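Read off the chains here:
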Amino acid sequence: MTKTVSIDPITRLEGHGRIDIFLDDDGKVENAYLRIPELRGFERFCVGRPVEELPRITTRICGVCPEAHHMASAKAADAVYHVEPPPTAVKLRRLLYNTFYVADHAVHFYILAGPDFVVGPDAPVAERNIFGLISKVGVEAGKHVIKSRARAQELVKMLGGRAIHQVTSLPGGVSRGMNEDEQGLAKEVTADLVEFGKFTLQILDDLVLSNPEYLELITGDVYRHETHYMGLVDENNHPDFYDGDVRVVDDKGVEIARFKPDEYLDHVAEHVEPWTYLKFPYLKAKGWKGFVDGNDSGVYRAAPLARLNVADGMSTPLAHEQYERMIETLGGKPVHYTLAYHWARVIELVNAAELAYELARDPEITSPEIRTVPTETPTEGVGVVEAPRGILFHHYVTDTEGIVEKANLIVGTTNNYAPINMSIKKAAKALVDRMGGLSDGVLNMIEMAFRAYDPCFGCATHFLPGQMPMEVTLYDAAGEVVDRIVRN
Amino acid sequence: MILGLGNDILRDDGVGLAAARRVAELLGERADLSEAAVATVDLLQEMTGYDRVVIVDAFMDSDLPPGTTLRATPDDLPDGFGYRSFHTLPFKEMLRLGAEIEMRLPDQVVIHGMVVDDAATFGEEFTPPVAAAWERWAAAIAEEEAARL
Chain D
-2 MTKTVSIDPI TRLEGHGRID IFLDDDGKVE NAYLRIPELR GFERFCVGRP VEELPRITTR
58 ICGVCPEAHH MASAKAADAV YHVEPPPTAV KLRRLLYNTF YVADHAVHFY ILAGPDFVVG
118 PDAPVAERNI FGLISKVGVE AGKHVIKSRA RAQELVKMLG GRAIHQVTSL PGGVSRGMNE
178 DEQGLAKEVT ADLVEFGKFT LQILDDLVLS NPEYLELITG DVYRHETHYM GLVDENNHPD
238 FYDGDVRVVD DKGVEIARFK PDEYLDHVAE HVEPWTYLKF PYLKAKGWKG FVDGNDSGVY
298 RAAPLARLNV ADGMSTPLAH EQYERMIETL GGKPVHYTLA YHWARVIELV NAAELAYELA
358 RDPEITSPEI RTVPTETPTE GVGVVEAPRG ILFHHYVTDT EGIVEKANLI VGTTNNYAPI
418 NMSIKKAAKA LVDRMGGLSD GVLNMIEMAF RAYDPCFGCA THFLPGQMPM EVTLYDAAGE
478 VVDRIVRN
Chain G
51 MILGLGNDIL RDDGVGLAAA RRVAELLGER ADLSEAAVAT VDLLQEMTGY DRVVIVDAFM
111 DSDLPPGTTL RATPDDLPDG FGYRSFHTLP FKEMLRLGAE IEMRLPDQVV IHGMVVDDAA
171 TFGEEFTPPV AAAWERWAAA IAEEEAARL
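Read top to bottom, the protein sequences are chains D and G. For the first sequence, our numbering begins at -2 and goes up steadily by one. For the second sequence, our numbering begins at 51 and goes up steadily by one.
Where hints are given, some of them may not hold.
Stated by the list, open to error - Distance windows between CB atoms, simulated:
no., chain 1, residue 1, chain 2, residue 2, range
1, G, Glu193, D, Pro84, 51 to 59 Å
2, G, Gly99, D, Glu177, 25 to 33 Å
3, D, Gly181, G, Arg102, 30 to 38 Å
4, D, Leu262, G, Thr118, 43 to 51 Å
5, G, Pro178, D, Lys184, 50 to 58 Å
6, G, Glu75, D, Thr273, 39 to 47 Å
7, G, Pro178, D, Asp178, 22 to 30 Å
8, G, Arg80, D, Leu262, 30 to 38 Å
9, D, Arg431, G, Glu193, 44 to 52 Å
10, D, Ala188, G, Pro178, 17 to 25 Å
11, D, Leu182, G, Gly99, 18 to 26 Å
12, D, Glu210, G, Gly99, 37 to 45 Å
13, G, Glu75, D, Gly217, 51 to 59 Å
If you are wondering where the hints come from, they were derived from the structure by calculation, not from laboratory data. None of these values were measured; they are calculated from a predicted model. Ideal placement from N, C-alpha and C gives every residue a C-beta, glycine not left out.
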């Protein structure tokens, strides 16, 4: 008989994900899965609408990263109309996007991941939260974090027309430019964001990297997988959040693919499992070999650590310095330590802040040339950006009037769905077996295995669902439920 | 401030937005309207400076029939309650965070919820029980608020 222990809900997880840990007859971990809910019918919702509406509609897929959908969708719509936005439009989009990155990564580092490291992974749950973090770093630091995010959001609102559900990017460019007064504000905000990046590096240094126990945790085997990595790079092989070629390196760091976004179907396929609606993307050339790492596996990882692993450096000075430091400290590339995602995320935060500051000072950013009006017959197009949680593909096919006939999306976290499951299983095997069962500390350390990826599976996340019970379900060998215990 | 939460292309998930818009319309210039897709920490900033904030949202509860309305204040909520999002905090924790970092938060927060049926399918139409109940709900919230103004 197989016993299933379900942890539901996952603390602070988007949507209603649930971890099931399957124990064998001896009480040892046999398997572990992250199950997530399904949102139905988005493609059908898009069909029949003018493609230029999609950059405004797709922002509503997710309340956490609407900016990523807005950009990927606008780029796909550019491609559908075979139109190149003018340089100023691209710069305005990039300014918005990099500013958003700072705000998004800040929330993850300070509110979600920070407590694990700054307060401690085995601290009591009552202290392992933002308040525990504030008690360590001080109220002033807490104010700095909230204020910096609010300022970033203020700039996103100015550039995107709205704080959420941005509306300004459309096929061929953007609908609103920036005047000199607004540029002044953008310079001021982004200069502050660079300082915020330095402040965050200092916090990381003082409270995490200077603690040998944490470095040992990061470089331990429990949180390590030798996978391939995928990310967007520019012509210098630096990570580019907005555009570029898709580069894939293998578990040894050797480039095994480099392709244009519209060729993604030649390189990425999706595996289906019966226990979840979400698909598992994998490298077509390697094939699906199951939830395993290693050179023969098709499993790749995406998002911050992957982006740094596929890169040859960073595009801005401070971020590059920190990149080299991370690679050297962790023993060279590719870095396979899952918890190093947090470090990579902070480096990206700094990179995004520096890029935003550079763009805000660019004299061309106030040019009125912000749109190339589409004149070609619309057909089909793919738009790709690096969402904070992984590479995001939007693919649309339209009729000759620009009415959507087909829409396909591969969203950020989906790229990491297979490795997330592998990480959960590995952590569960190591910790549950060693500790002889589940405890609050063990559960948290299992959660840390997926929290590093900053997963975001849900879109309807603002619900007031009340307190979900802890559910323990027993299955027999045939998969039939034989008992269910609910602990409120 | 009337604060509507939801996603208006995810069927019943949009009911908080629709009702908040209606409440704001009925109250006219006496209240500001704000909308958000998720209750992230950014709501703290949004609420700063207001004396009273009325949150209007969809509510998931398998024990109550869709269309049922609920009303609570943060004090009524158990610790850890609600807004379960990877990018935010439970609601009471969020308010406590705001207080800890000395933000000027509203003295009064009221949360209105409507139990919904389907918020996992993309679409712009409410399910029948929600469609039948939301306008009356919005009118009742507006009446309560109008009596205070």
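Tested hints:
1. Against the hinted window of 51 to 59 Å, the Cβ-Cβ separation of Glu193 of chain G and Pro84 of chain D comes to about 54 Å, which satisfies the hint.
2. At about 29 Å, the CB distance of Gly99 of chain G to Glu177 of chain D agrees with the hint of 25 to 33 Å.
3. Between Gly181 of chain D and Arg102 of chain G, the C-beta spacing of about 35 Å keeps the proposed range 30 to 38 Å intact.
4. At about 46 Å, the beta-carbon gap between Leu262 of chain D and Thr118 of chain G stays in the expected band of 43 to 51 Å.
5. Between Pro178 of chain G and Lys184 of chain D the Cβ separation comes to about 53 Å, which falls inside the hinted range of 50 to 58 Å.
6. With their beta carbons about 42 Å apart, Glu75 of chain G and Thr273 of chain D fall inside the hinted range of 39 to 47 Å.
7. Restraint check, Pro178 of chain G to Asp178 of chain D: a C-beta distance of roughly 50 Å breaks the suggested window 22 to 30 Å.
8. Arg80 of chain G and Leu262 of chain D have their C-beta atoms about 55 Å apart, which leaves the hinted 30 to 38 Å range violated.
9. One distance hint, 44 to 52 Å for the beta-carbon pair Arg431 of chain D and Glu193 of chain G, is violated here, with the actual separation near 60 Å.
10. Between Ala188 of chain D and Pro178 of chain G the beta carbon distance is about 54 Å. The supplied range of 17 to 25 Å is therefore violated.
11. With their beta carbons about 20 Å apart, Leu182 of chain D and Gly99 of chain G fall inside the hinted range of 18 to 26 Å.
12. In this structure the hint that Glu210 of chain D and Gly99 of chain G lie 37 to 45 Å apart at CB holds, the actual value being about 43 Å.
13. The hinted window of 51 to 59 Å between Glu75 of chain G and Gly217 of chain D holds, with their beta carbons roughly 57 Å apart.
In this structure, the earlier hints numbered 7, 8, 9, 10 are contradicted, and the remaining ones agree with it.
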